[in-house]
Amino acid sequence: SQQGEEDPQALSIQEGENATMNCSYKTSINNLQWYRQNSGRGLVHLILIRSNEREKHSGRLRVTLDTSKKSSSLLITASRAADTASYFCATKAPLGGSEKLVFGKGTKLTVNP
Amino acid sequence: SAVISQKPSRDICQRGTSLTIQCQVDSQVTMMFWYRQQPGQSLTLIATANQGSEATYESGFVIDKFPISRPNLTFSTLTVSNMSPEDSSIYLCSVPFSGHGYTFGSGTRLTVV
Chain A
1 SQQGEEDPQA LSIQEGENAT MNCSYKTSIN NLQWYRQNSG RGLVHLILIR
51 SNEREKHSGR LRVTLDTSKK SSSLLITASR AADTASYFCA TKAPLGGSEK
101 LVFGKGTKLT VNP
Chain B
114 SAVISQKPSR DICQRGTSLT IQCQVDSQVT MMFWYRQQPG QSLTLIATAN
164 QGSEATYESG FVIDKFPISR PNLTFSTLTV SNMSPEDSSI YLCSVPFSGH
214 GYTFGSGTRL TVV
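Chains as they are written, first to last, in my numbering: chain A, 1 to 113; chain B, 114 to 226.
Derived by calculation from the structure, the hints in this document are not laboratory data.
Treat the hints with care, since some could be wrong.
[As the list claims (entries may be wrong)] SDA-like, lysine to any residue: derived pairs with alpha carbons at most 20 Å apart:
no.	chain 1	residue 1	chain 2	residue 2
1	A	70	B	152
2	A	108	B	195
3	B	120	A	19
4	A	26	A	49
5	A	105	B	163
6	A	108	B	178
7	B	120	A	78
8	B	120	A	42
9	A	70	B	120
10	A	105	A	39
11	A	105	B	125
12	A	105	A	16
13	A	105	A	17
14	B	120	A	40
15	A	105	B	178
16	A	56	A	42
17	A	69	A	42
18	A	108	B	172
19	A	105	B	222
20	A	105	B	173
21	A	105	B	120
22	A	108	B	163
23	A	56	A	66
24	A	108	B	213
25	B	178	B	163
26	B	178	B	125
27	A	56	B	151
28	A	69	A	38
29	A	56	A	112
30	A	105	B	151
31	A	56	A	39
32	A	56	A	73
33	A	26	A	58
34	A	105	B	157
35	A	108	A	67
36	A	108	B	120
37	A	26	B	219
38	B	178	B	158
39	A	26	B	222
As the structure is a computational prediction, the values presented were derived from the model and not from experiment.
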């Protein structure tokens, strides 16, 4: 079964605006990762945040993690039309557990020029 | 990170036939994962392929339907057998890299008619 639940399911914004996507999960994790998928192609790894981290930045991306609430958010600042894609969170079990990723349902982001 | 070459990128197949999808990795990896992404949905893990041992299948997926080969540490195949229209999906392979996330193949878009 799916671990993560993203919201919103779809988000449409204007170029230059910020986009925030949220992810919730159900069980303990080692880390949480965010991926981007363009037009049903392969996934691209964006950022990984470990369970002992609360916030991480990478370029225009900012990820937060609240393990007490079992939730994470992905913020894309100053969005561009090229950011149009589907975004998925994925969780990995604690050390000693499974190596597999469990994906959320995803958020479809549209950035209008 | 590893680079994965996945083939074919897309195919249209007749029901009742089988399709074999290949993934070639440019470095040796212990684990390889196979996912299915049904239209408009998130990724669901089919199985984990380890070199030198039988693949481990997730609930709802069986070896007779999705046989997997892993002859060495850089290559794997997934076969979708006796296809029906319900098998129309994107199929993706994935490998972990250095604790920083996972690399995905570019996906195989399968349509069964």
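Problem - Given pair status - residue 16/A, residue 105/A, alpha carbons within 20 Å - result: Violated, at roughly 26 Å.
Handout entry: Restraint status (C-alpha distance of residue 26/A to residue 58/A at most 20 Å)
Key = Measuring from Cα to Cα gives roughly 26 Å; hence the hint is violated.
Practice task
Assess, step by step, whether the Cα of residue 26/A is no farther than 20 Å from the Cα of residue 219/B, and give holds or violated.
Solution key: violated (29 Å)
Practice task
Could you grab the alpha-carbon distance between residue 120/B and residue 40/A and see if it respects the 20 Å cut-off?
Solution key: holds (15 Å)
Problem - Distance restraint between residue 56/A and residue 73/A, which requires alpha-carbon spacing of 20 Å or less - result: holds (11 Å)
Handout entry: Satisfaction of hint between residue 163/B and residue 178/B, Cα-Cα up to 20 Å
Key = Given that 20 Å is the threshold and the Cα spacing comes to 18 Å, the pair holds.
Practice task
With a cut-off of 20 Å on the C-alpha distance, tell me whether residue 26/A and residue 222/B pass.
Solution key: violated (30 Å)
Practice task
Verify the proposed pairing of residue 108/A with residue 178/B, using a straight-line Cα cut of 20 Å.
Solution key: Violated, at about 31 Å.
Exercise for the section: Would you mind confirming whether the straight-line C-alpha gap from residue 120/B to residue 19/A stays at or under 20 Å? Expected result: Answer violated: residue 120/B to residue 19/A is near 34 Å, above 20 Å.
Practice task
Verify the proposed pairing of residue 105/A with residue 151/B, using a straight-line Cα cut of 20 Å.
Solution key: holds (11 Å)
Handout entry: Hint consistency between residue 105/A and residue 173/B [alpha-carbon to alpha-carbon, up to 20 Å]
Key = holds (18 Å)
Handout entry: residue 105/A paired with residue 178/B [C-alpha distance capped at 20 Å]
Key = Cα-Cα ~25 Å, so violated.
Of the numbered hints given earlier, the model fails hints 1, 2, 3, 5, 6, 7, 9, 11, 12, 13, 15, 16, 17, 18, 21, 22, 24, 27, 28, 29, 31, 33, 35, 36, 37, 39; all others are met.
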